[in-house]
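Student: Residue-level listing of the chains:
There are 2 protein chains.
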Amino acid sequence: MAFSERVSRLKSSLIREILAAAQRPQVMSFAGGLPAEAMLPNVDWSDMPVTLGQYGMSEGEPALREMLAAEARALGLPCSASQVLVVSGSQQTLDLAAKLYIDKGTQILLEAPTYLAALQIFQLFGADCLTVPLEADGPDLGQLRQRLERHRPAFIYLIPTFQNPSAVRYSEAKREAVAALLDEFGVTLIEDEPYRELTFDGGSARPIAGRLKKSSWIYTGTVSKTLLPGLRVGYLIASPDLFPHLLKLKQSADLHTNRIGQWQALQWIGSERYQAHLTQLRSFYRQRRDAFQSALERHFSDLADWNVPQGGLFFWLTLKRPLDTRTLLDAALADDVAFMPGEPFFPEPDRNPGHLRLNFSHIDPDRLEEGIRRLAVVVRRAQADKAA
Amino acid sequence: MAFSERVSRLKSSLIREILAAAQRPQVMSFAGGLPAEAMLPNVDWSDMPVTLGQYGMSEGEPALREMLAAEARALGLPCSASQVLVVSGSQQTLDLAAKLYIDKGTQILLEAPTYLAALQIFQLFGADCLTVPLEADGPDLGQLRQRLERHRPAFIYLIPTFQNPSAVRYSEAKREAVAALLDEFGVTLIEDEPYRELTFDGGSARPIAGRLKKSSWIYTGTVSKTLLPGLRVGYLIASPDLFPHLLKLKQSADLHTNRIGQWQALQWIGSERYQAHLTQLRSFYRQRRDAFQSALERHFSDLADWNVPQGGLFFWLTLKRPLDTRTLLDAALADDVAFMPGEPFFPEPDRNPGHLRLNFSHIDPDRLEEGIRRLAVVVRRAQADKAA
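Sequences listed follow chains A and B, in order. Residue numbering for the first sequence is 1 to 388, as defined by my numbering. Residue numbering for the second sequence is 1 to 388, as defined by my numbering.
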């Protein structure tokens, strides 16, 4: 069997195994990043034109592209509809970006930690992954400058708003500083913002892409966290120099994004009904965040440190006494608790032990306390074993 | 700007330009491969469960996978649901196969001519494209054996039923012979069957994948030609050795295929209503094929040779006096007629002049005669100019 060289870099299915195990109904899962079922809006399909069953344009539906461009401009990202490409979920943006930029050995720059599925696809294409550490308000600027002075990464991949996994939101000052550095060194920005709308304190900041004066950029978002992930509708907006290449890559990947999901997204985006839904969603998740924070304080305050997330879907715990959290999985699953170990969110997992990513949006609050309690017991037991 | 090496192989947008030009309402287009709008079925969404808005499995919806496996077994392709992967249109199968097999310089084997978009994505990944010529009943077996004796292609890509562009349907004997050769040389088969159900004489033959005894295989199909292309729902079925890799590649490409399209597809596949729709569709396209054949006989009988297609969506014309049909495009479009030049369907376009691919399913019959007449005039004029 002669597969491509890239297949040797296809990652083990650890994450798939966790998520599969978390499907068992008795499991209390903090592992995934699923929206709460209760908050999936009822959608109406009765007015959808039958002509949407026909093939569509690779760029996406014109009306949706106009609406997405208008929304982006309102956020402070100057752009026109001609720069908007509708994609099959923002995961596809990462696939297209990998194809556009990455040969074997191509250097790219990532936050540490970073989004696991991004890391996997960039590595699949053979990227050499450099990292810059995240602080509570964004990247360590000194280290970012140092990386840019020493390397010529093909792009930097950032998730500046409620990052997955760390929940970090960049400060205004760091957004400005990062944009200035990227312009200074002429580095392309890929800015991924699936969680922007899930803000609990009302904060909103201009995208970094909107602050660039010279560098090329791709900004990507999705309706998966705010409307319905099952639609598989996301989008990217790109600087005009990149757009034609991304369009051709999109066409060769899947011709175009499904039009029924695009139509449904257009019924919501920019509407008052969508704003009302987002308000409800934020309030719902804020309450779940608060309940989660209380449970963590009761069971984890002596075991870990964390920042209270101001948006998004995750708590990121740092154990006071680090251990490889992957070794906790079997015990946790045996106790019907699932979580996501932190190590795989780093290009060098073994050098970054001691973090746990806990999703707070999905679990039923009635089972939350018991789940957190059991997880704390698993950690305590492992640390006692290690000390013994 | 440092793009990946692969971007240098992104093809020019000739095809996009033709299809864009063909959008003008006054243009009589034989260029695309669009189903007839009149035959898009009315679909009902009112019973779709709201839970389908949630994230789904990368494999696809379990009930749909079961149904697709049952249909494939009925065709003579032994398989279980665990071998079925739902994809975002069968174009995505080509993307996943390219990722699985192709490094720069990897040899693969294709029919000549072959499906344009397959050629493009295989070349994008850097494939070295070997070809075997098609005859009226399938590939030239002598040349196929010769290629397999001299080379070790990573896979062979075949469209055995109503091929795009040539409309060739493999005979029973050639299906058997091809399967035997692939087993003899241990070459993986990728079998693409978007047009299988669009048969005008009722003929149906067992897939080649179902005849293999040893070789690995990927069989791929879609609902785009029989139900609604806008759903972007296709599928692949793979031998068990390939499936886990394809699943991981699917997950990294777009997590999973949109669930609303999958749900709609499941409402049709295997149902009596679907059979009735297919019967209508075949009859409708057969009539269009007949009208097209009449018009061709009136205007092209002295200019070109062709076989009458027994299924699919295309006539494939071979000019009696070959010329580069790409040079006809400007004149045709100036006369408001669009067609697809044959050259880009070959890995070596310049060495394969003189074919035209004409779609017969989409154009309104009232405009057909005038369109064919104008196209014949364009060809005649070019041949006169060449002779002069």
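Treat each hint with caution, since some may be false.
Identical chains share a label here; the pair holds if one copy fits it or two copies do between them.
Stated by the list, open to error - With a straight-line Cα cutoff of 30 Å, these simulated DSSO-like cross-link-like pairs (lysine-lysine) come out:
#1 Lys386 with Lys214
#2 Lys214 with Lys11
#3 Lys104 with Lys386
#4 Lys386 with Lys11
#5 Lys104 with Lys320
#6 Lys11 with Lys104
#7 Lys213 with Lys320
Hints in this document: simulated from the structure, not taken from any laboratory.
Student: None of the hints should be skipped; say for each whether it holds.
Tutor: Now for the hints, and whether the structure bears them out:
no.: 1; hint: Lys386 with Lys214; in the structure: neither (52 Å within a copy, 50 Å between copies)
no.: 2; hint: Lys214 with Lys11; in the structure: between (36 Å within a copy, 27 Å between copies)
no.: 3; hint: Lys104 with Lys386; in the structure: neither (39 Å within a copy, 48 Å between copies)
no.: 4; hint: Lys386 with Lys11; in the structure: within (28 Å within a copy, 58 Å between copies)
no.: 5; hint: Lys104 with Lys320; in the structure: neither (37 Å within a copy, 47 Å between copies)
no.: 6; hint: Lys11 with Lys104; in the structure: both (16 Å within a copy, 21 Å between copies)
no.: 7; hint: Lys213 with Lys320; in the structure: neither (42 Å within a copy, 57 Å between copies)
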